[in-house]
Amino acid sequence: MTYVDDRYNMTAADVFDLECTGISKEFGDFRAVDDVSFRIPSGTFFSILGPSGCGKTTLMRMIAGFEDPTRGDISIKGVSVLSTPPNKRNVKMVFQHLALFPMMDVYDNIAYGLRCAGAAKEEIARRVADVLERVALPDLARREIHQLSGGQKQRIAIARCMALNPDVLLLDEPLGALDLKLREAMKIELKLLQHQFDTTFVYITHDQSEALVMSDYVAVMNAGRFEQVGRPEELYHAPKTAFVAGFVGDSNRWKGRALEVRSDGIKVETDAGLSVVATAYGESPIAEGAAVEIFVRPEFISATKPGEPTPPAAGENEHTGTIDSVLFNGANSRVLVRSPSGTLIEADVVVTGSGEDVREGDPVRLTWARAQSMCFSV
Amino acid sequence: MSSDVKRLSLILLFSPFALWIVLLILLPHIGMVALSLREKVAPRVYEFGFGNYIDFINEPIYWNTLLRTGSMSLLVTALALLIGFPVAYYIAKIAGKRSRGALFLMCLIPLWVSDLIRAFGWILLLRETGVISSFLIWTGMTDHGIEFLYNDVTVIIGLVYTVILFMIVPLVSTLDGMGDDMIEAGYNLGGNSLTVLRRIIIPYAMPGIVAGCIVVFMLTAGSYLTPILLGGKNSSWFTEQIYDQFITRFNWESGAAFGFLLLAFTSFVVWLGLRLSGQSLTNTVART
Amino acid sequence: MARANTSKALLFGYQAYIVAFFVFLAAPLVAAGTFAFNDSLFPSLPWQGFTLDWFFNDTEPKLGMFHDRRLLRGLYYSFVIALMVSTLSVAVGTTNAFLFVRREFPYKNFFYILMIVPLVIPGVILGISILVLASNVANTADDRFGIELEFLRPGLFLVVLGQFSFITTITSLVITARLRKCDLSLEEAAYNLGAGRARVLFTITLPFLRPAMIASGIVAFLVSFENFNTTLFLVGSESPLTITMYDRMAKVGSTPVLNAVSFFLMVGSGLLALISVVVQRPAPSE
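Residue numbers (the numbering used here), protein chains in the order written: chain E, 12 to 389; chain Y, 3 to 290; chain L, -17 to 268.
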């Protein structure tokens, strides 16, 4: 049973749009989804984040009804839907490649579900016009699908589902096929659409930035299990497992051994011979001499030239090295620093374009706080 | 979907297929073989035996005709490949984007014109009073009409003509799927035209080549109109023997034996071709 | 420079070869078509002037094809046969496509090869084997039970069966290829939006298959129309056009009315082939 923290349960109060209890799915000997439980309160943007093959698509297909779980139960608005066929569940889905019907125009795509439900002609016309209005594409009703741009297709795919007032909208990596610029714009747009419809969105992705930007809650999934469920900033700053620490956000990642465990920190020597003072994270305690893994995010490492004033974190972790290369990327620029032990350490730097900037070969001093070295037992 | 419904729908989908294959392909061929093993010993009295096949072996005209049909069909297949490959390559790889479509269309549109009309066209061109002969008289190169029909060369030209589009069309589809970058990479890595052709283009096009060859060979060996109309009475094509036994002599037993021999022979050649080229029926003829 | 020149010369030679090929391709067809308009009793040079008599004239000796009873009847039978064959073969081709793309069953590969096999059996053999079986069954029914099964004697029905036996392979392959390209998520999306099984089939899957069904139907029509080898053995008194033309050619010799029929058929089949190519063309920007 995956742990869901209390605050999360409290905000949920009484209404859960979607609730999964002990869901497992086995394909022969392979367990794609392994005992997953979670509850999603009404009106939440909930993301399931995981690498490809982690079982997130299988989980979504079970919610939509295209696969039957081997064990466990799925409830929508408090009612079990296991015996409800996919075409009768009020869970709508935006497919990975959108699956807009190419042989129909925009109007007929949106009207499809309403026609299946047996709605009257005027009713259909009214609802299609209404939903097109809400996705801000009121004039596109008679467009053919292949005439739409990528972003328009995206919105039509959502409109097609929202016309049916679903209890839950599932989105299966719908931004995957878009180019980078459009993807950035669509992230914001999806979030706004979710606010506007005030419907629960369950969003599946392998892209951590999509999950962090849009979601109220994110579940990190790995090898069929939920590693951690929480708000984006919790996952980022307080990962519960090494997997979450590694998968969410960028980190320097070192394997090592705990030399000394004290109440105010753990002294670790990495396999490459770098010694680091770290803080214990995760649920399993760390014993002296145990193998550990350390994660340090580049933005918490400050790189200063010799002679510059020392930042406050000095003394906790301090290493010298030379700059191996400068990775310029505007506001996200970094340096790769080679420490005397040979370890390459990534640290964020500000590159201003002036003569003060660090250059390859420069000696630097790296400092970071003990609290920013997240240490997990392996 | 419950497993019962699944089973039922599988049976419903399978039955048209099974009816077609069993009633129109398997049973008729079994019937044909059975008939060919029946000897007529007296009017309306038959017994089991290999007499029809023994007759075939004892009569050189018969097996000569089969060998002739087979070897000429192979020749026609080879010619169709040699003539057709450059055309297909031009359409798929050399021609500009717009002319490519037009050229391919020019191959597709006459694809389904009847053998009869094709042969008829050649007759009008090649006979003694035909267009070419008249033209030669008009230019003064000869003073009497020349008969171009009724010889083996004409039969072969006519057959190549009849079947060549069935070679070109699969070749164009296969070559079309090959990226230009693959050829360019071949040159880039230091290959000359010949090695690129031999090492890259031909291996890539192999499924298309084999598909074209199989279809062309079958069509040629099984053709009836072209050899008869262009080769005349003495064209000695094996299908004529079958027709002769069935329709003219009303000797169905022997006709069935001949039919089986033709089928066995062509199947053997197709099998050999697939074996030698390392292809299968599924990835050649079944590609559309 | 020398290299550029030789490659230029090579390309020119190549293009000349292509032109020569298309001349070769066109020559007999042009000859067969052109003499339909020659105002002469024989389809040969010299050119006697343009006429449409071989299409529309209603008196001998220049009886036009549209007044020639036998040719018209042949055309009618060909049309009826082709229509039945294409309808049947598209129907079975579609069920075959669903069978081989959407279902799993034992020996599937073996059955798939069986499906392809009819295409590589010479047409003559399909004709005689079906003739033999049908006659056997008819004779047995007659001898044992005294029932005359007229439809198993050479005639329209056997011709349709004979052509259907191998044309179904063509339609099956074309429709199977299309169904393989059908994105399963389209159907799932339709279920997800609340459609039932039948509705998904009729609103999503079949419309998706329609171009392939039309194109393969046209090809089936054309192959049936021009078929000779299989038909020859199965034909009864209702001769389709190719058989009628062949008889005419063999017995009467060639007259320009045959050119008129050829012209008519070439234009007809060319147009149909063009339509089949156009329907199968992918939609713009896809």
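These aren't lab readings, by the way, just hints derived from the structure by calculation. Just so you know, not all the hints are guaranteed correct.
SDA-like cross-link-like pairs, simulated, lysine to any residue; straight-line CA separation at most 20 Å [unchecked claim]:
1. K90(L) / V24(Y)
2. K44(L) / V259(L)
3. K95(Y) / E242(Y)
4. K42(Y) / V259(L)
5. K(-10)(L) / L196(Y)
6. K88(E) / D209(E)
7. K(-10)(L) / S11(Y)
8. K99(Y) / S236(L)
9. K278(E) / D209(E)
10. K90(L) / K99(Y)
11. K266(E) / K132(E)
12. K90(L) / L278(Y)
13. K278(E) / E327(E)
14. K90(L) / S195(Y)
Have a look at the derived ranges for each label pair, beta carbon to beta carbon [stated by the list, open to error]:
15. R179(L) / S344(E): 49 to 59 Å
16. A20(Y) / G54(E): 35 to 45 Å
17. I196(L) / F41(E): 56 to 66 Å
18. F48(L) / P149(E): 51 to 61 Å
19. S(-11)(L) / L191(Y): 16 to 26 Å
20. L191(Y) / A180(L): 27 to 37 Å
21. A20(Y) / Q(-3)(L): 28 to 38 Å
22. L107(Y) / F127(L): 49 to 59 Å
23. Q(-3)(L) / S282(Y): 32 to 42 Å
24. G178(L) / D190(E): 34 to 44 Å
25. K8(Y) / I196(L): 21 to 31 Å
Computed from a prediction, not measured in an experiment: that's the story for all the values here. By construction, the Cβ of each residue, glycine as well, lies at the ideal position given by its N, Cα and C atoms.
- For the pair supplied as a hint, K88(E) and D209(E), is the alpha-carbon distance within the 20 Å limit? Distance of about 15 Å is within 20 Å: holds.
- Could one say that the CB atoms of L191(Y) and A180(L) fall in the range 27 to 37 Å? violated, 56 Å
- Message: For a C-alpha distance cap of 20 Å, please report whether K90(L) and K99(Y) respect it.
- Response: violated, 40 Å
- Are the Cα atoms of K266(E) and K132(E) separated by 20 Å or less? It is violated: about 65 Å lies between the C-alpha atoms, which goes past 20 Å.
- Message: Holds or violated: K278(E) and D209(E), Cα atoms, limit 20 Å.
- Response: Judged against 20 Å, a Cα distance of about 48 Å means the pair is violated.
- Item | Outcome of range test on Cβ distance (G178(L), D190(E); 34 to 44 Å) | The hinted range 34 to 44 Å holds for G178(L) and D190(E), with Cβ atoms some 37 Å apart.
- Restraint check for K95(Y) with E242(Y), where alpha carbons must lie at most 20 Å apart: violated, 41 Å
- Message: Given the hinted pair K44(L) and V259(L), is their Cα-Cα distance within 20 Å?
- Response: violated, 37 Å
- Item | F48(L) versus P149(E) beta-carbon gap, inside 51 to 61 Å or not | holds, 57 Å
- Message: With the threshold set at 20 Å, check whether the alpha-carbon distance from K90(L) to V24(Y) stays at or below it.
- Response: Given pair K90(L), V24(Y) holds - Cα atoms ~16 Å apart, limit 20 Å.
- Determine whether the Cβ-Cβ distance between L107(Y) and F127(L) falls within the hinted range of 49 to 59 Å. holds, 55 Å
- S(-11)(L) versus L191(Y) beta-carbon gap, inside 16 to 26 Å or not: Distance hint for S(-11)(L), L191(Y) holds at roughly 20 Å.
Hints 2, 3, 4, 7, 8, 9, 10, 11, 12, 14, 16, 17, 20, 21 from the earlier list are contradicted by this structure; the remaining hints agree with it.
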